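Same order as they appear, the protein sequences are chains A and B. When you line the first sequence up against my numbering, it's residues 222 to 336, in that order. When you line the second sequence up against my numbering, it's residues 941 to 1054, in that order.
Since the hints were derived computationally from the structure, they do not count as laboratory data. All figures in this text were calculated on a predicted structure; none of them were measured in a lab. One or more of the hints may lead you astray.
FRET-style restraints, in silico, Cβ to Cβ [unchecked claim]:
1. B:A994 to A:E236: 47 to 55 Å
2. A:P336 to B:N992: 49 to 57 Å
3. A:S301 to B:N992: 28 to 36 Å
4. A:S273 to B:Q1024: 42 to 50 Å
5. B:T1016 to A:E241: 19 to 27 Å
6. B:V1014 to A:E241: 22 to 30 Å
7. B:Q1023 to A:Q223: 23 to 31 Å
8. B:V1014 to A:S301: 40 to 48 Å
9. B:S1038 to A:T233: 22 to 30 Å
10. A:E236 to B:S1036: 33 to 41 Å
11. B:S947 to A:P261: 18 to 26 Å
12. B:A994 to A:S273: 23 to 31 Å
13. B:G968 to A:P261: 26 to 34 Å
To be clear about the criterion: a stretch of chain B counts as covered by chain A if any three or more of its residues have a C-beta under 8 Å from a C-beta of chain A, and this derived list gives those stretches [stated by the list, open to error]:
14. 947-954
15. 983-991
16. 1029-1040
For every residue, glycine included, the Cβ atom is placed at its ideal position computed from N, Cα and C.
Listed below, chain by chain, are the residues.
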Amino acid sequence: AQSVTQPDIHITVSEGASLELRCNYSYGATPYLFWYVQSPGQGLQLLLKYFSGDTLVQGIKGFEAEFKRSQSSFNLRKPSVHWSDAAEYFCAVGFNAGNNRKLIWGLGTSLAVNP
Amino acid sequence: GAGVSQSPSNKVTEKGKDVELRCDPISGHTALYWYRQSLGQGLEFLIYFQGNSAPDKSGLPSDRFSAERTGGSVSTLTIQRTQQEDSAVYLCASSSGSRGAEAFFGQGTRLTVV
Chain A
222 AQSVTQPDIH ITVSEGASLE LRCNYSYGAT PYLFWYVQSP GQGLQLLLKY
272 FSGDTLVQGI KGFEAEFKRS QSSFNLRKPS VHWSDAAEYF CAVGFNAGNN
322 RKLIWGLGTS LAVNP
Chain B
941 GAGVSQSPSN KVTEKGKDVE LRCDPISGHT ALYWYRQSLG QGLEFLIYFQ
991 GNSAPDKSGL PSDRFSAERT GGSVSTLTIQ RTQQEDSAVY LCASSSGSRG
1041 AEAFFGQGTR LTVV
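Could you put together the complete structure from these sequences and hints?
As structure tokens, this is what we get:
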């Protein structure tokens, strides 16, 4: 069955440190891949997405993500975290088979940033 | 409208009452999703509408939950005989329905069943 896994439920980093949030999916072909952020009291906002082409994609707020087909992963990275990055991060996958366009979501990773 | 609009933003209801939650998607978006997010939890898929196709209701937790989408636009999620475990934020999202289209989310309706 199609699935998305975010192995880390909660991560704490110090401000200025680098960040990597993991996302793995289970699917037989290349999916469409998304990262969303949900800041406290805010709605879900798209950070970046991957459809095809260059496997390293740039997003808003200094985030990037790399699609690795061999590992079925789409990990989110940021070189230097800011206190305002504290939020919940969700990975989502869209499968391009047939008429099913439904997005499948990971359970999210909660990021805390220490000053 | 410019974005996905949900109403009400907050709803407090007594156990056993019925509630209706409304979602106005972005104009022209053919796909519409309902999700539930309990405190500290991820996104729980409820139902998915895509154009004129039969909706995917596989995520509805019980027969107390139903949803409809009129005219391919506005959607209403109805919860009958509400229970305390129904308390959550209910999120609506829409997309253009094209392959790989991103979903745009509303601000959600916070439902509290007392």
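- Confirm or reject the claim that G968 of chain B and P261 of chain A have a C-beta distance inside 26 to 34 Å. Check passed, 31 Å falls within 26 to 34 Å.
- Beta-carbon spacing of V1014 of chain B to S301 of chain A - inside the hinted bounds 40 to 48 Å or not: Taking Cβ atoms as reference, V1014 of chain B and S301 of chain A lie about 43 Å apart, which means the hint holds.
- At the C-beta level, are T1016 of chain B and E241 of chain A separated by a distance inside 19 to 27 Å? Violated, at about 41 Å.
- E236 of chain A and A994 of chain B - C-beta distance against the hinted 47 to 55 Å: holds (49 Å)
- Query: Is the hinted range of 23 to 31 Å satisfied by the C-beta distance from Q1023 of chain B to Q223 of chain A?
  - Reply: holds (30 Å)
- Go ahead and decide if the range 22 to 30 Å is satisfied by the Cβ distance of S1038 of chain B to T233 of chain A. About 38 Å separates the Cβ atoms of S1038 of chain B and T233 of chain A, which means 22 to 30 Å is violated.
- Message: The hint says 42 to 50 Å between S273 of chain A and Q1024 of chain B; measuring C-beta to C-beta, is that right?
- Response: Holds, since S273 of chain A and Q1024 of chain B (Cβ atoms, about 46 Å apart) stay within the stated range.
- Task: Can you take a look at whether the region 1029-1040 of chain B is actually covered by chain A? Rule is 3+ residues, C-beta closer than 8 Å.
- Result: holds (count 7)
- Item | Whether the CB-CB distance between S301 of chain A and N992 of chain B falls inside 28 to 36 Å | violated (48 Å)
- Task: Could you see if the CB distance from P336 of chain A to N992 of chain B stays within 49 to 57 Å?
- Result: For N992 of chain B against P336 of chain A, whose Cβ atoms are near 52 Å apart, the range 49 to 57 Å holds.
- Message: Does the beta carbon distance between S947 of chain B and P261 of chain A stay inside 18 to 26 Å, or does it fall outside?
- Response: holds (22 Å)
- Cβ separation of E236 of chain A and S1036 of chain B, checked against the hinted range 33 to 41 Å: holds (37 Å)
When the structure is compared with the earlier hints, violations turn up for hints 3, 5, 6, 9, 14 and for no others.
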